[in-house]
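Undergrad: Listed below, chain by chain, are the residues.
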Amino acid sequence: MNSFVLFIFLLSLSFQSACTSGKPAAEDVTSNDRALALIDQRNYDQAIQLLKIELEKSPENTETRILLASALAGKNGVVMTQFTQLARTLIEKNQTQPDANSEKWQGLEWQLKLARTAFEGIPTLDGGEAYQDLTTALQVLIESADSPGIHLFRAILRLVIFKYEITHPYKLEFHEGCMVDIKPLHAWFNKVTSNLQSLVADLLGGVKDQKSQDDLEKLYAKILKARESIEDTFAMFDENGVTDAPKIVRKFYGACE
Amino acid sequence: MIKRNFLMISALILSLSAQASIQGVPTATSNAPSLTLHQRNLDRSCFSIRATSFDLDCNPAFLADSEKRLIRLNSIGDDNALSLDEYRESLDRDDVIGAADKFLNNKEPVQAHASAAAWYQNNWWAVGVVPVRASVSYLNRNPAYPEISAYAFQESEVFAKVGLLSTESQNIKFGIQTRYVQRDFIYQKFYALDAVLDPEVIEVKSNKALYIEPGFAFSWDSEYEPVFSWMITDLPVFQEGDKIQRQPKSDFGFSSSFGSLIPGLRTTTHYHRRAGTDISRHLSWSALYEVKDFAAVSVHSGRDIFGIAIDGRISVFVAGISYRNEKFEIDSWTSSRVRSTTAEIGLTF
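Each protein sequence line maps, in turn, to chains A and B.
144 is the number that the numbering used here gives to position 144 of the first sequence; each next residue is one higher, with no gaps.
94 is the number that the numbering used here gives to position 94 of the second sequence; each next residue is one higher, with no gaps.
Any given hint could turn out to be false.
To be verified - One side of the interface only, derived from the structure: several residues of chain B facing chain A at Cβ under 8 Å:
1. Asp-194
2. Val-196
3. Trp-285
4. Tyr-289
5. Asp-331
Simulated from the structure, these hints should not be mistaken for laboratory data.
For every residue, glycine included, the Cβ atom is placed at its ideal position computed from N, Cα and C.
Put together the whole structure using the sequences plus the hints.
TA: Encoded structure:
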């Protein structure tokens, strides 16, 4: 019977331990936990509000930065499942590539088709407010500690921003006699190409395999070269201030015909 | 005296140990008994209720006065394991994007289990082997920057259990179960984008462990076969490799039958400490009804879980099916339900 008494004692001991343990205390539940729950519930505005306060309190907290950028992106429909088509296009590109013996124009056509399909696969932002949200999200991540995932997230945000900027070009003001001030257009071009350059730099910071790094480094060098060339061209016009609109600008804006 | 000291030390370990877990990973039942359909359905309350005539007692103390000789080969698997197989098929077709898309679109927690086992019981002792036991639990959160909480393991096991009657009284039973387990596992929270660029972020760990798991039962002479039982599980005496996040656990229960009123029916009220201070979280109630020795139905219910299982045997063949509906708390504000249907096929001699 002594064993039975011991058994009851152990039973009560375990019940006692159960009453003093278990669910985390309220102070253990962080604002980040709450924000993640709000994000999962698609309650983005409340999550953003909470995370902005949290970020002011602890600007070094990488998790808070990731969550705030996620909430800003998620609010505007920039979620990972939106990139499926883009990823499929990029992964399957080798399967659709024309063989080496095909005509040169066929290769060019394939490249253009690939670029168009990839471009269409990038989520489209719904207006200037969404663009502003994504720019804020990007800035929040730029100031964050680095990790491969954060690099890729930044590249993804830049890609969406890039699409928005390309599809919303700077509205150039044409004066009488088709005269334009090129400087604001120059600034816009600078912003777009700089974003593209940073996008490739972010990808470079994230990828691990040597082949991808080599490819990206080549692409980075090409973008740098293109930027220099564009800079040289704009520099010529900048010197003149308000100038006669160049042919390419007239064609692009469909102006002065 | 040695036995008493051992029991005291075990109880102290349990009192001090905390249930370490990654928030958001559904691990609550992943290491409960699972050799058979009823064991899986009864969850941890299996430790406090006697098994059917063609099943193996979870608590080795019940083997002390068991009178059966049995060889059993058994396998179980749930429908969630089948849905995971779709990922494998996608990957086999090199459709990485299809698999990723399906994965990212799933916002509910997933918990899947499958295992195969063989054992021999000779009255008061049993030996067995589990060539494979696999379980996967994961949860995908934050659609813009997916955060994956994952717990997956694949293990093999050999076990032996003995039940002994006390020399003082036939009503005091003691049992020991030893298990040697080799496993590969992932127990981690990680960001999907980190893993895309660097798959080594996902750490597959390995572990070997020998567990000694004592069981204890106290009954008294009655038509209703009342039994108080207690069992300690996951008490390692040897571990090698990576540390697995499992703490020793303790289970208590009181079971009884309905005597001649409803022959074959046994019920148990079971206590197992889970996260949370609400006592109802720790208690569960289960019933097992055996029709002669060819069919059995079990029901398991707790605050957040309900399960029902039915199996039967014809000649040497055993088959069964069960359904489980379990509430899973993702965080302090969100909960979800994990539903699974499990099938069993086996042979018994």
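Undergrad: Min Cβ distance, B:Asp-331 to chain A: is it shorter than 8 Å?
TA: holds (5 Å)
Undergrad: Hold the hint about B:Tyr-289 up to the distance rule: shortest CB distance to chain A must be less than 8 Å.
TA: violated (27 Å)
Undergrad: Does B:Trp-285 pass the interface hint, meaning its C-beta sits closer than 8 Å to a C-beta of chain A?
TA: Since the shortest Cβ distance to chain A is 17 Å, the answer is violated.
Undergrad: Hint B:Val-196 vs chain A: min CB-CB distance below 8 Å?
TA: This interface hint holds because 7 Å falls under the 8 Å limit.
Undergrad: Hint validation: B:Asp-194 versus chain A, beta carbon distance must be below 8 Å. Holds or violated?
TA: Holds. Min distance 4 Å.
Checked against the numbered hints given earlier, this structure breaks hints 3 and 4; the rest are met.
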